[in-house]
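Protein sequences appear in the order of chains A and B. Those letters in the first sequence? Residues 233 to 500, by the working numbering. Those letters in the second sequence? Residues 136 to 390, by the working numbering.
What the hints contain is simulated information worked out from the structure, not anything from laboratory work. A few of these clues could be false.
With the C-beta cut set under 8 Å, the calculated list includes, among others, these residues of chain A facing chain B [said to hold, decoys possible]:
1) V267
2) S272
3) G378
4) R379
5) R383
6) S386
7) L393
8) N394
9) L397
10) A447
11) L492
12) S494
13) K497
Distance condition first, Cα-Cα at most 30 Å in a straight line; then the derived BS3-like pairs of lysine-lysine [stated by the list, open to error]:
14) B:K263 <-> A:K270
15) A:K497 <-> B:K243
16) A:K270 <-> B:K185
17) B:K201 <-> A:K270
18) A:K270 <-> B:K212
19) B:K258 <-> B:K201
20) B:K243 <-> B:K201
21) B:K201 <-> B:K236
22) A:K497 <-> B:K263
23) B:K185 <-> B:K201
24) B:K201 <-> B:K263
25) B:K258 <-> B:K236
26) B:K243 <-> B:K258
27) B:K201 <-> B:K212
28) B:K258 <-> B:K212
29) B:K185 <-> B:K212
30) B:K212 <-> B:K243
31) B:K212 <-> B:K236
Okay, the calculated bits of chain A under chain B, using three or more residues with CB under 8 Å as the criterion [to be verified]:
32) 326-334
33) 399-412
A quick note: this is a predicted structure, and the numbers were derived from the prediction, not measured. Cβ atoms here follow ideal geometry from the backbone N, Cα and C, with glycine treated the same way.
Single-letter residue listing:
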Amino acid sequence: MSLDSLLTLPDFLLYAFAGGLLLAVIAAPLGVFVVWQKQSYFGAALAHSALLGVSLGLWWQLDLTLAVIAVSILAALSIDWLSRHTRLPSDTLLGIFAHASLALALILISLQQPTQIDLMAYLFGDILSLQTGELVGILILGLWIGRFVWRHWSDMLNLTLNSDLAQIEGIDTRALQRHYLLLLAILIGLAIKVVGVLLITSLLIMPAASARRFARSPETMLTGAMLLGVISVLGGLLASFLWDLPTGPAIVAAATVLFLTSLLKRAH
Amino acid sequence: MNTTPLIEAHNISHRFDDQDVLSNVSLSLYPDEILTLIGPNGAGKSTLLKLLLGLMQPTQGRIQRKPGLRVGFMPQKIQIDDSLPLSVTRFLSLARPRHEKRSEFITKLEAVAEELTLGGLMKRPVQKISGGEMQRVLLARALLKSPDLLVLDEPVQGVDLQGQTELYEYINAVRLRHHCGILMVSHDLHIVMKDTHRVLCLNQHICCQGHPQTISGTDAFKTLFGDGFEQLALYEHHHSEACEHVHPTQESTSS
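Whole structure, please, built from the sequences with the hints as guidance.
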């Protein structure tokens, strides 16, 4: 595709740009906490369980996006519960969870041969097939995340610093953390279309990690993550159109380039 | 001394996975008082603290707080990941209660920073200050809550000897200026002794309590801690009926 055809944007391209950019902006506030709370494995486990959502959705012939969101919410809550009620280290638990749901998802999908689902679209994203409904979903989630950040930014920082201290200072830490995980699960469910199961965590952590090099406060890191996320999505989409690359991987590659560039700067 | 206790525990017991962690512990803490909780590792100090702070509910017994009690808490240690860019000032300002005006809070912050001589630290990243400095910052944060009760969990852990003495001096000064009660957990005795009004030795139950000088003479204290943290062997109490049972062997009391 050439640059000329990009200027007369067909609907699906408009949707791709709008959805991708919006997602990059709203992923940032959750992404910074994923980094600060060292939860990137959690994101990965949720993403894998999202594929289980796809296979269950196909099995029962449900709306796939809704099925994915439902399963990732369920997964987030059960991981949260398991981590409090078993004595296993959380990375082990998350590894088990991720691979168990991946395996189960692949088995379920293989049992439905006639459906011929395009597995690649879910593994690596298919941003050009974004529908109006999904765009609206991203928009609503964006408002929800905006409200969450507006009201609970300091509380979330305190929770991240020390949950005992936060609780003593009057924060309902468990409810707050659940709220955050819920948003994370929905975001991952919606973002599967954009970058896919295997790459979704990178959309959360890469812009945040790159922004760390330039940030002196949590707020500047958040702003930086938003900005770098937007640049990654723009760069990825452009590269994908110009050189006919798969869009999801192109976005992640753009984020990687930004991250590598950020390494050139000495950290504060 | 004021007669209304800040916090009272009535016969609390706690079990974890079918194991008694605390049995039948009662205590009360009064304003202007420093109460130090000592005991070997695994004695249930942290559990008792969590129960008193309301982080957990006891299996049995009840805890009574003075109505409207404001608690300042200083955690044992706080590990802040390097990925979070945070200056000391920002860290402290996160303690601002929702209802408090920003200008009032800043005035208070400046006063506390001066009291604990944090001036030079305020702009530094919170990960880049020493252990002793961090403890002072945590103490400042607890004070920003204008507490009636200050709860300190092993406040001098990981701080060098000189820093320890200094920190205890700050803590005592803080008590005198802010008139709050102090509940402190510790397993190093020799420094604690100086300013503490009451020591409470815990080993799942309260083995002994009293003024530091009286208490260090009791048999229970000697058996629990030996002379200068020697190894503890299998031992029995003789001083009271409540304590007449055999404790499991404790390998060591200090760490």
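Hints, verified against the model:
A least Cβ separation of about 5 Å between V267 (chain A) and chain B falls short of the 8 Å threshold, and the interface hint therefore holds. Among the interface hints, the one on S272 (chain A) is violated; its C-beta lies about 11 Å from the nearest C-beta in chain B, farther than the 8 Å criterion. Residue-level restraint check for G378 (chain A) is violated (minimum Cβ-Cβ distance to chain B is 19 Å; threshold 8 Å). For R379 (chain A), the interface hint is violated, since its Cβ never comes within 8 Å of a Cβ in chain B; the closest pair sits about 16 Å apart.
For R383 (chain A), the suggested interface contact is broken, since its CB lies about 10 Å from the closest CB of chain B, more than 8 Å. Below 8 Å, beta-carbon pairs count as interface contacts, and S386 (chain A) has one with chain B at about 6 Å; its hint therefore holds. Below 8 Å, beta-carbon pairs count as interface contacts, and L393 (chain A) has one with chain B at about 6 Å; its hint therefore holds. For N394 (chain A), the interface hint holds, the least distance from its beta-carbon to any beta-carbon of chain B being 5 Å, beneath 8 Å.
The restraint placing L397 (chain A) at the interface with chain B holds, with a minimum CB-CB distance near 5 Å, inside the 8 Å limit. With 8 Å as the threshold, the beta carbon of A447 (chain A) comes within range of chain B, its nearest partner Cβ sitting at about 4 Å, so the hint holds. For L492 (chain A), the interface hint is violated, the least distance from its beta-carbon to any beta-carbon of chain B being 17 Å, above 8 Å. For S494 (chain A), the interface hint is violated, since its Cβ never comes within 8 Å of a Cβ in chain B; the closest pair sits about 13 Å apart.
Nearest Cβ of chain B to the Cβ of K497 (chain A): about 13 Å, over the 8 Å cut. The hint is violated. For the suggested pair K263 (chain B) and K270 (chain A), the alpha carbons sit about 20 Å apart, so the restraint of at most 30 Å is met. With a C-alpha separation of about 37 Å, the suggested pair K497 (chain A) and K243 (chain B) falls outside the 30 Å cut-off, and the hint is violated. Restraint check for K270 (chain A) and K185 (chain B): satisfied, since their Cα atoms lie roughly 25 Å apart, inside the 30 Å limit.
Restraint check: the Cα-Cα separation between K201 (chain B) and K270 (chain A) comes to about 38 Å, which exceeds 30 Å; the hinted pair is violated. Proposed proximity of K270 (chain A) and K212 (chain B) is supported: the alpha carbons are some 18 Å apart, at most 30 Å. A threshold of 30 Å between alpha carbons decides the hint, and for K258 (chain B) with K201 (chain B) the separation of about 37 Å lies outside it, so the pair is violated. Note on K243 (chain B) and K201 (chain B): the hinted pairing holds, with a Cα-Cα distance of about 24 Å set against a maximum of 30 Å.
About 25 Å separates the Cα atoms of K201 (chain B) and K236 (chain B), which keeps this hinted pair within 30 Å; it holds. A hinted pair counts as satisfied when its Cα atoms are at most 30 Å apart, and K497 (chain A) with K263 (chain B) qualifies at roughly 19 Å. Between K185 (chain B) and K201 (chain B), the direct Cα distance comes to roughly 17 Å. Compliance with the 30 Å bound is thereby established for this hinted pair. Of the pairs offered as hints, the one joining K201 (chain B) and K263 (chain B) is violated, with about 38 Å between alpha carbons and a cut-off of 30 Å exceeded.
At most 30 Å may separate the alpha-carbon atoms for a hinted pair to count; K258 (chain B) and K236 (chain B) meet this at roughly 22 Å. Proximity of K243 (chain B) to K258 (chain B) is assessed by CA-CA distance (about 17 Å); at most 30 Å being required, the pair is judged to hold. Distance hint between K201 (chain B) and K212 (chain B) is fulfilled; the C-alpha atoms sit about 27 Å from each other, no more than 30 Å. Simply put, K258 (chain B) and K212 (chain B) have alpha-carbon atoms about 21 Å apart, close enough for the 30 Å limit, and the pair holds.
As the CA atoms of K185 (chain B) and K212 (chain B) are separated by approximately 15 Å, the hinted pair is consistent with the 30 Å bound. Simply put, K212 (chain B) and K243 (chain B) have alpha-carbon atoms about 24 Å apart, close enough for the 30 Å limit, and the pair holds. Annotation: proposed proximity of K212 (chain B) to K236 (chain B) holds, straight-line Cα distance about 29 Å (limit 30 Å). Residues of the stretch 326-334 of chain A lying with their CB closer than 8 Å to a CB of chain B number 0, which falls below the three-residue condition for coverage.
For a cut-off of 8 Å, the count of residues in the stretch 399-412 of chain A with a CB near a CB of chain B stands at 4, and the three-residue condition holds.
Comparing the model with each earlier hint shows violations of hints 2, 3, 4, 5, 11, 12, 13, 15, 17, 19, 24, 32; every other hint is respected.
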